[in-house]
Every structure is written in structure tokens, then in C-alpha cells.
Amino acid sequence: MEVRLVPGEAAQLIEPTDLRRFSVTVAGTPEALPVLAEGLRGIVDFEGSEHAWVSVAWLLEASNRADWADWRYEFANMMKYAESKGWTRSDPDAIRGHVVWVPA
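Just so we're aligned: 13 in the UniProt record's numbering is position 13 of the sequence shown, and the numbers increase by one with no gaps anywhere.
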């Protein structure tokens, strides 16, 4: 599962059925972080330039699979694993992903 971010565009969820990996890919450089963070408030909360907290509610909505029992079961397993590593938080619920910067 990959959250793909391009400045000036809506966040995209790529490969929502791949629940064995999770990352946040950003087109651009860390210098764009302040503007990017402002535009993604409520979806992604950056923790510096290397990690980001992604809204669980947004992941469920963007997956278009939240009502699929099998997918929801696997998503819950992914969240349990992330929780065991300290990669989840509440209020609001979010999962932490590594940020990968790619050329725009």
C-alpha cells in the first residue's frame, strides 16, 4: 500500500490490496514540505521529512474496499502489526509510514 502525494493534487492510494507494506511517496523535495503539509491537513501529518502519519479514516475511504470483509480483516492485521511496532496513534487514528522522496 502506497500513499502517493504530488504537490497541488489530491492524495492517492496506490495498491490498496498490498497490505504487507506501507509507504508515503512524495513527488518533489523536502523543501516543499510546509506547503504540502498545509494542503494535506487531516489526511497526512508529516513528522519531519522522513516519516508521516496517515489518517486511518482516509485510508479506509480511499481504498474503496472498506466494506469487503476479507480486505477489512487483512487491514486490521496490518494495523495490529503496525501497533506492535509503535507505528500507530489515536486521536485521530493514524498509521506511520516512511516517506520516500522521488523527483517531480
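The hints are simulated quantities; they were obtained by calculation from the structure and are not laboratory data. A few of these clues could be false.
To be verified - Label pairs and their computed distance ranges (CB to CB): (1) Gly48 to Tyr81: 17 to 27 Å; (2) Val6 to His51: 16 to 26 Å; (3) Glu31 to Lys80: 15 to 25 Å; (4) Ala76 to Val35: 28 to 38 Å; (5) Ala37 to Ser90: 33 to 43 Å; (6) Ser49 to Glu9: 14 to 24 Å; (7) Glu38 to Asn77: 11 to 21 Å; (8) Tyr73 to Glu31: 34 to 44 Å; (9) Glu74 to Gln12: 32 to 42 Å; (10) Glu9 to Asn64: 17 to 27 Å; (11) Gly48 to Asp91: 17 to 27 Å.
Owing to the predicted nature of the structure, the values given are computational and were not obtained by experimental measurement. Idealized CB from N, CA, C, for every residue including glycine.
Right, here's what the structure says about each hint:
{"no.": "1", "hint": "Gly48 to Tyr81: 17 to 27 Å", "verdict": "holds, 23 Å"}
{"no.": "2", "hint": "Val6 to His51: 16 to 26 Å", "verdict": "holds, 19 Å"}
{"no.": "3", "hint": "Glu31 to Lys80: 15 to 25 Å", "verdict": "violated, 36 Å"}
{"no.": "4", "hint": "Ala76 to Val35: 28 to 38 Å", "verdict": "holds, 34 Å"}
{"no.": "5", "hint": "Ala37 to Ser90: 33 to 43 Å", "verdict": "violated, 20 Å"}
{"no.": "6", "hint": "Ser49 to Glu9: 14 to 24 Å", "verdict": "holds, 19 Å"}
{"no.": "7", "hint": "Glu38 to Asn77: 11 to 21 Å", "verdict": "violated, 33 Å"}
{"no.": "8", "hint": "Tyr73 to Glu31: 34 to 44 Å", "verdict": "holds, 40 Å"}
{"no.": "9", "hint": "Glu74 to Gln12: 32 to 42 Å", "verdict": "violated, 20 Å"}
{"no.": "10", "hint": "Glu9 to Asn64: 17 to 27 Å", "verdict": "holds, 18 Å"}
{"no.": "11", "hint": "Gly48 to Asp91: 17 to 27 Å", "verdict": "holds, 20 Å"}
In summary, the numbered hints that this structure violates are 3, 5, 7 and 9.
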